[in-house]
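Using the sequences and the hints given, assemble the complete structure.
Protein chains in written order, with the numbering used here: chain A, 22 to 275; chain B, 17 to 368; chain C, 358 to 425.
Incorrect hints may have been included.
PhoX-like cross-link-like pairs, simulated, lysine-lysine; straight-line CA separation at most 25 Å [claimed, not checked]: (1) B/K175 x B/K241; (2) A/K216 x A/K272; (3) A/K183 x A/K206; (4) B/K142 x B/K302; (5) B/K302 x B/K175; (6) B/K219 x A/K216; (7) B/K215 x A/K216; (8) A/K220 x B/K219; (9) B/K242 x B/K302; (10) C/K398 x A/K206; (11) B/K142 x B/K241; (12) A/K206 x C/K380; (13) B/K215 x A/K220; (14) A/K220 x A/K206.
These are computed hints drawn from the structure, not numbers from a lab.
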Amino acid sequence: MPEGEVVFARPAALEDTPTHYCPGCTHGIIHRLIGEVIDELGIREITVGIAPVGCAVLAYHYFNFDTVEAAHGRAPAVATGIKRVSPENVVFTYQGDGDLAAIGTAEIVHAANRGENITVVFVNNAVFGMTGGQMAPTTLPGQVTTSTPTGRDVKVDGYPVKVAEILAQTTGAAYIARRTVTQPKYVRSCKKAIKTAFKTQLAGLGFALVEVLSTCSTNWGMSPMEALRWLDENMIPYYPLGDYKVIDEVKALP
Amino acid sequence: MAKVLMKGNEAIAEAAIRAGCDGYFGYPITPQTELLEYMSRRMPELGRAFVQGESEIASINMVLGAAAAGKRAMTSSSSPGVSLKQEGISFLAGNELPAVIVNIMRGGPGLGNVQPSQSDYFQATKGGGHGDYFPIVLAPSTVQEAIDFTILAFELADKYRNPAMILGDGSIGQIMEPVELPEVESKPPDKPWAVTGCKGREKNIIRSLYLLAGPLEARNVILQKKYREIEANEQRHAEFMLEGAEMVIVAYGTTGRVAQTAITRARDEGMPVGLFRPITLYPYPKDAISSLVEQARVFLVLEMSAGQMLEDVELAVKGTVPVEFQGWLGGRVPTPSEVTQTIKEIRTKYLK
Amino acid sequence: MPTIVIDEDRCKGCQLCTTVCPKDLVTMAENFNAKGYHPAKLEDPEGECTGCTMCALMCPDVAITVYR
Ligand SMILES: Cc1ncc(C[n+]2csc(CCOP(=O)(O)OP(=O)(O)O)c2C)c(N)n1
Ligand code: SF4
Ligand code: SF4
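Encoded structure:
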């Protein structure tokens, strides 16, 4: 054991369990950031997480706090039910783009519009990871997936859904941001955004969502390093990073 | 206790409140909307949760969340809406979460109409969603029963950690009757499995996913054991003029009520006919029906459907005695005279 | 002295940590770990690691602990 102070280690809100994620899958980084934020805010013992259907379906094995599984896309409704009867709990959902932006579109839009006092971490990796890389609503134009073998044809499949932009239009939303985790500076910024999203809930200010652009090297058919680069070069131009809605009360948060 | 005049839908809502319902989540649909409207007034007054969800799917999943948090939760709807809730009901069963679902049935299939019907029997009692599970199903035939069974539904749901359903037809939802509203003494049991924050204990996980065949089988074996226990302990039914009855009418809900009037008339005319009225549709009171084959020479099943409960009666009777059927489709409620006429015909065929 | 410890058996050999080290101290080992991946390793004979946490920030498997 080296001497000196530990300045970086596993957060207590994350179990010491190896994940089933593919090598280099940035779901792992995003899990860790949530764990760090929950530790720093000292809310592990009052937090309830909602796991989605998607590659993160087993998130309840990795988070070290109470968790519930939701049916595909229904996490915002499940979170609503919990938060409405137990407002003293901190409630968040963790959802992929198939879960949130395809089958669960109604649930997320209405949770945001009600200003539901919950936090959402939305992982946009431009494919359905778990089922083997089919087109997601967020798949880029021309992107080859297992269900768009010649590339997404926007005339047939429509255009990629810009979740942060759409939800920022809902009056009920308090904080909507888009981040990524492909570089250390982005990881730091993403953590800050996730922290703001939880603080928004703790202050009772309403709906907060952080969209995180994430890789799926396995289904993109790339090495993990190539996937980071591909995301930076292709996804960020279509899905610009930034804050899409920050109400004044959130801006004023300490 | 003084009686008050109440509409079925509102009576169910008030009963749920008295049973300690902490959260109601619903979506409007005729003929149950008064239930939702009543809750929208009363729940906030009491500091409890009311949300009009964006759909029945959202509403049942809000119920799932509230139930997971260890609170008493309820939703109500009518046939097309209950079809949408099936995903959530399957998850409630798989997660072993207690909750109450009210289905005030209307005519189907599809949009059908808003008249009373009993054509969701299969959906309600055989699971309805995917997987091997059963909700507990209670069928009121009066507004008073709607009240009593709603309270019972919360208690049974908690006792077995399973969804429980009130299966009424549009007529139960809409009629007004004088009722007694009981004070509910029973408290929900402790729910150490609930997700309330892990302070002072290990974390709780609520899930239905078991990726490997072995663990999922083991999980299902536990669930099936519970269903056998429910079947052994909770079969309920009511009887009317069964003494000496050679013809046994089996009917539930509003149809049971109509049959009762018809039977009274038939008895006046000296016909040996009585009523067996199932109260629990799951677990089906099959043991009591089976024991009636000693006395009955013919069974007559009446339903506002094409013959759904009929199959459960046939299973209980096991071919020992003939089982006749009369059904009303399209949201039409039978009249007592129609039933009396049928009783006469069956009597001529079997009892002379 | 600042340094990092890589939990070799946690590592999935994804290389995300290797390109971000400002001093290029993290590389992939030749050997295989129990999972069958080439794990990342720290090569720091001169004691150059500053404990900046860059590598740890990028690790999806929380395999890196940083000391300072
Ligand atoms: C009702 C329903 N439909 C379809 C599926 C199959 N399914 C499982 S995961 C998934 C997509 C997940 O993709 P995403 O939300 O993008 O998450 P990722 O796996 O990429 O992290 C689908 C379609 C399901 N489990 N339930
Ligand atoms: S399939 Fe894609 S999203 Fe799923 S774990 Fe692998 S890399 Fe991650
Ligand atoms: S980032 Fe983590 S898992 Fe990937 S190679 Fe480095 S230590 Fe191993």
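Hints, one by one, checked against the model:
For the suggested pair B/K175 and B/K241, the alpha carbons sit about 14 Å apart, so the restraint of at most 25 Å is met. This hinted pair checks out: A/K216 and A/K272 have alpha carbons roughly 13 Å apart, not beyond 25 Å. Distance hint between A/K183 and A/K206 is fulfilled; the C-alpha atoms sit about 23 Å from each other, no more than 25 Å. Between B/K142 and B/K302 the CA atoms are separated by roughly 15 Å; this keeps the pair inside 25 Å, and the hint holds.
Simply put, B/K302 and B/K175 have alpha-carbon atoms about 22 Å apart, close enough for the 25 Å limit, and the pair holds. Between B/K219 and A/K216 the alpha-carbon distance is near 22 Å, which keeps this suggested pair within the 25 Å criterion. Straight-line distance between C-alpha atoms of B/K215 and A/K216 comes to about 21 Å, which keeps the hinted pair within the 25 Å bound. Distance hint between A/K220 and B/K219 is fulfilled; the C-alpha atoms sit about 22 Å from each other, no more than 25 Å.
Between B/K242 and B/K302, the direct Cα distance comes to roughly 18 Å. Compliance with the 25 Å bound is thereby established for this hinted pair. Our distance criterion of 25 Å between C-alpha atoms is met by C/K398 and A/K206, whose separation comes to about 23 Å. For the given pair, B/K142 sits about 16 Å from B/K241 by alpha-carbon distance, which is consistent with the 25 Å threshold. For the given pair, A/K206 sits about 17 Å from C/K380 by alpha-carbon distance, which is consistent with the 25 Å threshold.
Taken as a hint, the B/K215 and A/K220 pair is honoured in the structure, with Cα atoms around 20 Å apart against an allowance of 25 Å. Between A/K220 and A/K206 the CA atoms are separated by roughly 21 Å; this keeps the pair inside 25 Å, and the hint holds.
Going down the numbered hints, you'll see the structure goes against none, and every one checks out.
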